[in-house]
Amino acid sequence: MPLLEISKLTHRFAGLRAVSDFNFVIEPHELVGVIGPNGAGKTTVFNLMTGVYRASTGSIKLEGQELVGLTPHQITRLGIARTFQNIRLFKELSVLDNVRIAHYGQIAYTPAEALLHIGRFRAEEKRITGQALDLLAIFKLDESANEKAKNLPYGLQRRLEIARALATEPRLLLLDEPAAGMNPNEIIQLMEFIRWIRQTFSVTIILIEHQMRLVMGICERLVVLDFGATIATGLPAEIRANAKVMEAYLGEEVAS
Amino acid sequence: MMPSIQSAYHKLLASWHTLTGCKFFWPAFMAAGLAFCIAVNAYDFLDLYLQLILIYVGINIILTVSLNLINGYMGEFSVGHAGFMAVGAYIASLLTVHAFPAGAQNFLFPFAILAGGIGAALVGFLVAIPSFKTRGDYLAIVTLAFCMIVKSVLENIDAVGGPRGLLGMEKLTTLPWVFFWTALSVWVIRNLVYSNFGRGVLSIREDEIASDLMSVNTRQVKIIAFVVSSFFAGIAGGLFAHALQFINPRMFDILKSTDVLIMVYLGGIASISGSIIGAVLYTVLLEILRPLGVWRMVLMPLMLVLLMIFRPRGIMGMKEARLFTPLRDLATEKLWRQKKKEATDAAS
Numbered sequence: 033m034p035l036l037e038i039s040k041l042t043h044r045f046a047g048l049r050a051v052s053d054f055n056f057v058i059e060p061h062e063l064v065g066v067i068g069p070n071g072a073g074k075t076t077v078f079n080l081m082t083g084v085y086r087a088s089t090g091s092i093k094l095e096g097q098e099l100v101g102l103t104p105h106q107i108t109r110l111g112i113a114r115t116f117q118n119i120r121l122f123k124e125l126s127v128l129d130n131v132r133i134a135h136y137g138q139i140a141y142t143p144a145e146a147l148l149h150i151g152r153f154r155a156e157e158k159r160i161t162g163q164a165l166d167l168l169a170i171f172k173l174d175e176s177a178n179e180k181a182k183n184l185p186y187g188l189q190r191r192l193e194i195a196r197a198l199a200t201e202p203r204l205l206l207l208d209e210p211a212a213g214m215n216p217n218e219i220i221q222l223m224e225f226i227r228w229i230r231q232t233f234s235v236t237i238i239l240i241e242h243q244m245r246l247v248m249g250i251c252e253r254l255v256v257l258d259f260g261a262t263i264a265t266g267l268p269a270e271i272r273a274n275a276k277v278m279e280a281y282l283g284e285e286v287a288s
Numbered sequence: 005m006m007p008s009i010q011s012a013y014h015k016l017l018a019s020w021h022t023l024t025g026c027k028f029f030w031p032a033f034m035a036a037g038l039a040f041c042i043a044v045n046a047y048d049f050l051d052l053y054l055q056l057i058l059i060y061v062g063i064n065i066i067l068t069v070s071l072n073l074i075n076g077y078m079g080e081f082s083v084g085h086a087g088f089m090a091v092g093a094y095i096a097s098l099l100t101v102h103a104f105p106a107g108a109q110n111f112l113f114p115f116a117i118l119a120g121g122i123g124a125a126l127v128g129f130l131v132a133i134p135s136f137k138t139r140g141d142y143l144a145i146v147t148l149a150f151c152m153i154v155k156s157v158l159e160n161i162d163a164v165g166g167p168r169g170l171l172g173m174e175k176l177t178t179l180p181w182v183f184f185w186t187a188l189s190v191w192v193i194r195n196l197v198y199s200n201f202g203r204g205v206l207s208i209r210e211d212e213i214a215s216d217l218m219s220v221n222t223r224q225v226k227i228i229a230f231v232v233s234s235f236f237a238g239i240a241g242g243l244f245a246h247a248l249q250f251i252n253p254r255m256f257d258i259l260k261s262t263d264v265l266i267m268v269y270l271g272g273i274a275s276i277s278g279s280i281i282g283a284v285l286y287t288v289l290l291e292i293l294r295p296l297g298v299w300r301m302v303l304m305p306l307m308l309v310l311l312m313i314f315r316p317r318g319i320m321g322m323k324e325a326r327l328f329t330p331l332r333d334l335a336t337e338k339l340w341r342q343k344k345k346e347a348t349d350a351a352s
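So the protein sequences, as listed, match chains A and B.
Numbering follows the working numbering, in which position 200 of the first sequence is assigned residue number 232; successive positions increment by one, without gaps.
Numbering follows the working numbering, in which position 261 of the second sequence is assigned residue number 265; successive positions increment by one, without gaps.
Isolated chain A, as found in the complex:
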């Protein structure tokens, strides 16, 4: 059974069709890239998958479970986590708290136990703090655990965002332009890093990216969007040779 199955997904913003008739299937452990020019509807697809927007029509199924109509936190608990194009950390909170918040769906204590610090509270806090510190250690962020997130350098903020997403224990990880603002050297490191994440946490990854070098280098399969429509799918090499894709990226005259 595919991990995620999107069929006939359409979304309109006041008449403008941001995504139209989007079909997509991803198997467990795949690494798929979604590319396309600015305004092609890539981030909208992520927003539909995570419940930020409610799809106008169509269906999104995670292992057979319908996601359209669920709230973002319900979808996250079912196993989809994401990062953001423009980093959206909890800036004033500590690095540790950023990760501990992502355990919200897993805590076993009730609000009453939290108000009085009784019952399961102590054990659970100890557990999530330990898990969060371990995760930070894996990402080499543990030394900054008590730093405010906004005080981290840009690269570490990106890394923290991925760590925070992984703390929700996802099966499917959505990365929205992870290479934004990185130089070619850093992009090569990032490619290794993404492969390593897939191995270590055994997650399936969907990647939105502008940087051709990155998607061509690590994605097993690509989907190209333009004006909300899927114009091509296939292996990186096929996409590179596709005339329609060149047209969308570079304009009609250059391509022909």
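FYI, nobody ran anything at the bench for these hints, they're computed from the structure.
The structure displayed is predicted, hence computed values, not measured ones.
Watch out, some of these pointers could steer you wrong.
So, partial list: chain A residues that the calculated Cβ filter (under 10 Å) puts toward chain B [what the hints assert, rightly or not]:
(1) R120
(2) L121
(3) R154
Derived coverage of chain A by chain B (criterion: at least 3 residues anywhere in the stretch with Cβ under 8 Å from a Cβ of chain B; other residues may be distant) [as the list claims (entries may be wrong)]:
(4) 92 to 103
(5) 107 to 119
(6) 143 to 149
Using N, Cα and C, we set each Cβ at its ideal position, and we do this for glycine too.
On the provided structure of chain A, position chain B as indicated by the hints.
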């Protein structure tokens, strides 16, 4: 000369941290405080005016800490705190005046206060619902409207005295009770803040959509914050009514909310120690400046303006005294410091 003063200061600070870091510091402090309050109440060795000021300080601490949960930690702007206070004040007063037998007033008083708190919490639950859809200025208008509704409803019910208000309460609010409820509210709200629900409240302030996407049930968090905050506002209302022995709807208008807002922003948002400092400072300063007459209301706002120029985030804005951080959190901090030290040692 300078280094010796500095080292003395550091020594003092270190011994202070050892003292407050001790497991028994808070229980001992609470027991001593309660014993002091009971003694004052029994032997009247503080003059009655001073006792009344202490009672108001306690009530204001409860109001400030609880409003800080919404306005500071959650980053919303509620101006309806006086409305919740009114609900608590009227419920508690109706119970002690009309429902409870005259002989058992002292014994039943805490239940009246508790009932006021629960009543206010139920109303707080209703006010939380619009907060699912609106934020910021718009939620401020919703809470303003709520405050006005409470006032007009109370003015039009003859059974609670209408605009003339309600009287006949005995003076049941004593210093030990105020101490008890103040300590309880500070403790419970601190507990909430240092739990994952509290971190959820903070994450809503930082970025609500990101918070929802990180599996935080934002609706649940908002309900918890509003219910807890209004519960303690109701408690404060009940205590207030039985300290003054007279209430009318006009006491709980927007100006009362403004007082609490001033104490919150004076002390600093998202800080329990700040709320306590703000409430104490504002209440005591207003009393000290009383001899100035009309000029009091010129000087006090002027001081606030100056404070906001030189400390825009209030006295303790977004900071917390170690005293109010649970030892468990300090323990993780210690662990982290140790790890960091080991890492740097290994590197060098």
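Hints and how they fare:
1. R120: holds (4 Å)
2. L121: holds (8 Å)
3. R154: holds (7 Å)
4. 92 to 103: violated (count 1)
5. 107 to 119: holds (count 5)
6. 143 to 149: holds (count 5)
In the structure shown, a violation is registered for the earlier hint numbered 4 alone.
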